[in-house]
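Q: Protein chains in written order, with my numbering: chain A, 1 to 219; chain B, 1001 to 1187.
It is possible that some hints are incorrect.
[As the list claims (entries may be wrong)] Distance windows between CB atoms, simulated:
{"#": "1", "chain 1": "A", "residue 1": "Gly198", "chain 2": "B", "residue 2": "Leu1186", "range": "37 to 47 angstroms"}
{"#": "2", "chain 1": "B", "residue 1": "Leu1186", "chain 2": "A", "residue 2": "Pro23", "range": "15 to 25 angstroms"}
{"#": "3", "chain 1": "B", "residue 1": "Leu1186", "chain 2": "A", "residue 2": "Lys15", "range": "24 to 34 angstroms"}
{"#": "4", "chain 1": "B", "residue 1": "Lys1058", "chain 2": "A", "residue 2": "Ala130", "range": "17 to 27 angstroms"}
{"#": "5", "chain 1": "B", "residue 1": "Leu1186", "chain 2": "A", "residue 2": "Gly106", "range": "45 to 55 angstroms"}
{"#": "6", "chain 1": "B", "residue 1": "Ala1129", "chain 2": "A", "residue 2": "Gly44", "range": "42 to 52 angstroms"}
{"#": "7", "chain 1": "B", "residue 1": "Ala1124", "chain 2": "A", "residue 2": "Leu177", "range": "35 to 45 angstroms"}
{"#": "8", "chain 1": "A", "residue 1": "Phe13", "chain 2": "B", "residue 2": "Thr1006", "range": "35 to 45 angstroms"}
{"#": "9", "chain 1": "B", "residue 1": "Gly1184", "chain 2": "A", "residue 2": "Arg83", "range": "54 to 64 angstroms"}
{"#": "10", "chain 1": "B", "residue 1": "Glu1010", "chain 2": "A", "residue 2": "Ile4", "range": "47 to 57 angstroms"}
{"#": "11", "chain 1": "A", "residue 1": "Gly178", "chain 2": "B", "residue 2": "Leu1063", "range": "32 to 42 angstroms"}
{"#": "12", "chain 1": "B", "residue 1": "Leu1080", "chain 2": "A", "residue 2": "Ser67", "range": "33 to 43 angstroms"}
{"#": "13", "chain 1": "A", "residue 1": "Gly198", "chain 2": "B", "residue 2": "Asp1020", "range": "46 to 56 angstroms"}
It should be emphasised that the hints constitute simulated quantities derived from the structure, not laboratory data. The beta-carbon is built from N, C-alpha and C at its ideal position, and this holds for glycine as well.
Take a look at the letters that make up each chain.
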Amino acid sequence: MDGIHDMGGMDGFGKVEPEPNEPVFHEGWEGRVLAMSRVMGGSGEWNIDMGRYGIEVLPPDVYLASSYYKKWFLRLENLLLQRGLISADEIAAGHALHPAKTLKRGTFTVADVEPALRRGAYERPAQAAALFKPGDRVRARNIHPRTHTRLPRYVRGHVGVVERLHGAHVFPDVAVLGRGDDPQWLYTVCFEARELWGADADSTVKISIDAFEHYLEHV
Amino acid sequence: MRALETILVEKGYVEAAALDSIVEAHETKIGPHIGAQVVAKAWNDPAFKQALLDDATKAVATLADLPRVGDHLVAVENTLQRHNIVVCTLCSCYPWDVLGLPPVWYKSAAYRARTVKEPRAVLADFGVALPAATEIRVWDSTAETRFLVLPMRPAGTDGWSEDRLAALVTRDSMIGTGLPKQPGELA
């Protein structure tokens, strides 16, 4: 979706403000929200793309006004409600009032922590031969999917060069709909800043994205 | 937020102690010291450096004293000709396995919006000024690939051990918004 989360190239947000000696968490609740999100995100009730989409569909004003972990909290609560894992009256009461939904893996315990901290693997066997190879000039397609996509707006319609081929990976645009992995070839595609931002842009700057094959077309 | 945790625990979805353990791992175990060891090893061992640039996930897996890193880690090398900088314009993708959780600025609207458009101005916010002729390469983490910048080894460090070198490797130097410390900056 052409949402507020797709921020590449927007103006008006001011300086980047590094924080010296930044703590891992600024408040205790942030760590709890991260931990709950990792646990429930690994329950099999939703996948990583459904999780990302859960942030993207927050209303733009909420998205901009909420801290990072506040967004995570809102996303988690929404997904738990949508999947019937908790209910609104339980949130109001602050306690469980109804029987739990049975999770495939059962209760998440301390023994489950270490494997859960490892990143998932998203590479999959390819469904067909790769259409592009390093060195090919390609155009990022001018597409505007209504749900989750990983093709940022700022490259759409622009021409770049394929630099690397990363194998076939789970295709987010399909995985978010619960329609399986639909593995697609994944490419690093490199764009000149002037191609993206016009003749006044810095000629020494290049920007790359990692693009699924479906996002690209021959020039 | 406490209420939500209470509900999840009462429902039997998770043990509170498991949540404690996840928080503790992020606060104490997973952090940029891991990436710093990888960089220091690459500075001292040309064969490891090549392996890292060829397939970083596999190369890091050969280091026995480091935790396993997930797929699909890509190391990108800074040179005199080219400086790399990593961003995620769509959310907050970051190589957690080797750098820990991302800092607030990495997840900020300003960093996500500006880095792909005016990276030199963003670098200036970090006090980093590169020669005008240096190519700047921005890596937008739009898929499940994760990028680790391999910064240039500071001069004056010949013969240093990996542990000593690792102390020069800052988190920001592995994101591309900073440079490694110089030998004289070590306490």
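Q: Tell me the hint numbers this structure goes against, listed in increasing order.
A: 10
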